[in-house]
Every structure is written in structure tokens, then in C-alpha cells.
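Undergrad: Model the full assembly from the supplied sequences, consistent with the hints where possible.
Number of protein chains: 2
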Amino acid sequence: MFSNRRSDDVAAPRAGRPRSETARRAILDAAADLALAETCVPTIDAVAARAGVSRTTIYKWWPSSAAVLAEALLDRFHESIEFDDALPVRQALTGQVDALVRLLRQTPAGALLRQLLAAAASDERVARALLAQWMDPRRESAAHHVARGVAQGDLRADVDVELVVDALFAPVYHRLVWGHAPLDADLATRVCDLVWPGIAATEP
Amino acid sequence: MFSNRRSDDVAAPRAGRPRSETARRAILDAAADLALAETCVPTIDAVAARAGVSRTTIYKWWPSSAAVLAEALLDRFHESIEFDDALPVRQALTGQVDALVRLLRQTPAGALLRQLLAAAASDERVARALLAQWMDPRRESAAHHVARGVAQGDLRADVDVELVVDALFAPVYHRLVWGHAPLDADLATRVCDLVWPGIAATEP
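Here the protein sequences line up with chains A and B, keeping their order. Going letter by letter, the first sequence gives residues 1 to 204 in this note's numbering. Going letter by letter, the second sequence gives residues 1001 to 1204 in this note's numbering.
No lab work stands behind these hints, which were simulated from the structure alone. Source: prediction; values computed, not measured. The beta-carbon is built from N, C-alpha and C at its ideal position, and this holds for glycine as well. Please note that the accuracy of each hint is not assured.
[Claimed, not checked] Sample of chain A residues at the chain B side, in silico, Cβ under 10 Å: (1) ALA119; (2) ALA127; (3) ALA167; (4) ALA170.
TA: Okay, here's the thing in C-alpha cells:
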């Protein structure tokens, strides 16, 4: 549903689309492979070498290696925000929170996100890339299901969609960033159980 | 109520307590003053010079300038977690979330926390100091009021205290760290309104 959105973030080249799509694909794969193998933000040179492209080609589309990596991670883990509208809203939202928890528990994505957030604290371009390439698409997907819940009468008509998305996902990111409590396997279910009474439509 | 706790985190010197207390006080004040004036983690040398102590004196008690700053910030803003047991539980918890929001809106504390978190991503000692000196005391204070609410029958007996504290405070830190949405002046009230139905005891 959101899979067409990402390529719109980058100006499409006027000609040679197939070849540049191949290059973009190779760059994203190289960045994700290198980062996940070594749990650190790869250099532009390393990504260029692995993808078989020039540094100039990468800088044509991304301002920094952190920006490449943010998009590469979203791309690599995109299925974690793909939940069908046929699912009940609560199941879709719990599933999306759970997919994030599993991503952070089972892959180096959590450690990489911490490094990208650390870079974002002192580099506004990284902060913007991280929002645009990682957080915004994930939030949009969750907000879509919250809005669907309101439209279907499952959720209160007056819910603050942005705040509901925060309430569902913030505890997971909070534990990742501060490390004060574990990312338990059942964390998503417990968070959704806690939040649900505050957003569910009351019976008429 | 928690004000006696902090000094226990550091081994009390066997003799000369008054003089070392004066030095500790001067170091914490120097670290907070420098950090808040310049919105960056001060160097050990700068803290030592301003406090009129040697580097050795600082390293006797803290492993790094980030650790000094974490404790200095907690110390400087300690009133933001001091809520009286005479207050109704919901008012005490909302007040504590609101005090955090105001701290992040109105002082450089938020920018400093982002820098400390960035340092923590690559330095486990900073991560531990930040938890011990900033987050743990704040969470303990909130957990105290949650437990009080359970004891008084205001909150469900089966609440997960740690998760409730996450649910109340994580959205605030989440917006600070990612910057995807503003730290609105009424954020604390909205978060507490959203969380409350999930934790309030149902009428018998």
C-alpha cells in the first residue's frame, strides 16, 4: 500500500530509469548488507565499492551515508509495516508494534537505529533523513490503521491520531534508546492492551 | 522524598565529609551552569576550572564529564520529580509528566539529554550514568505514585508498573529524540487522558 511512496521521495531521473533503478537498488542493498553485517553506519566509499557505483552516483540521490542507510533499513524491513486492511484494526496495529519489537530483538536494526539517532543529534540532515526514510513511512502506516478504526467505529471519533501512534510505538523506542527495561517478546501485546481502553469506542 | 538517595550513589568519603560535600556541590553546579549556558557537554577541564577543583577530584567520583552532567542535571531539576503524596495520584503523575515537558520546552535540558544519549550510544559508561543519574530516580518517583494508586484502589491491582511509567513518559522522550511532533504545552494532560482508562480501577 505504501510501497509506491518511497521512490517519490527522490527526484526520478528524466531518462534511463531502468538503469538508475538498478543502481539505486544496488546501493540500498549494499548499505543494508554492510550495516547489518558490521552493525555500524558504512562509509560512502564502502557502499559505492560494494554496489559497483561511483560516490557521485550515491550523492546524486542521498546527502550522506546515514541517509542511505535510513532508507536501506526501511526498504529491507518494509514488510514489518505492511498489514492488510482486511485485518481487524487492533490486530493490524498490534502486529505492527510486534513487528518492530521483533526487528529490534532479532536483527542489528536496533543498534543501527541508535547509531543513526546519535548522528542525528549533531547533524540536522541525518535527523531529517531518519524521519523521512524511517519514521514517517512507519507512522503513516500506523496512522492509516488508526484512521480506519475511527471510520469503522472501532475507535473513538475524537482520538488524536498522532498521539495514539506515539502511545503505541514510543514505549518500544524508549526501551531501545535508554535501555532501562527489556524489549520483551510480549511487549507489543502488553502496550496495546494498556492503550486500547483509552482509544476504543464505547458501546452505544 | 527521594532527595536523600542521590548521595548514596557515590561512596561517602570516610573523613572530611563537609569539605568533600562542598567540592561535590561546586562540581555539580559548575557542570550544570556550563552545560546550560552553552548547550553542550562540558569538558572535565572546564568543570574543574569553574569548580576550583582538580581533575583528579572529579574522577574520584565520576568516570566522565557525561556522568557528572547527568547527575548535575538531575540535581538542578530535582523539583520536577518531587510531588507530594497528599496529591491525588492522577494529579501527581500528570504533574510529573508536565514538569518534564516544561523542562524540555523551556530549558536546554532537552538538547543536553539528546547529546548525552548520543554519547551513550557508543559509550556504555555514559549509558549507565545516564540511567543511574537521570532516568532511574525519575522512574522511581513515578513508580512510587503508581504503586500508591494501586494501594489506594485508584489503579488496577494488576498494572505493570514499569510499563505504566513507560506509557506516561515515553511519548515525551520519543518526541524529544526523533523530533517528529512538537512537545505541546498540553502534551502531559493528553497523554495521561489517553493512558488513564487502561490503568484506572473499574468501579466495583
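Undergrad: Against chain B, is ALA167(A) within 10 Å by beta-carbon distance?
TA: holds, 6 Å
Undergrad: Going by Cβ atoms only, is ALA119(A) closer than 10 Å to chain B?
TA: Result: holds, 8 Å to nearest chain B Cβ.
Undergrad: Classify the hint on ALA127(A) as holds or violated, based on whether any CB of chain B lies nearer than 10 Å to its CB.
TA: holds, 6 Å
Undergrad: Does ALA170(A) pass the interface check with chain B, least Cβ-Cβ distance below 10 Å?
TA: holds, 4 Å
Figure legend: structure checked against the earlier numbered hints; every hint is met.
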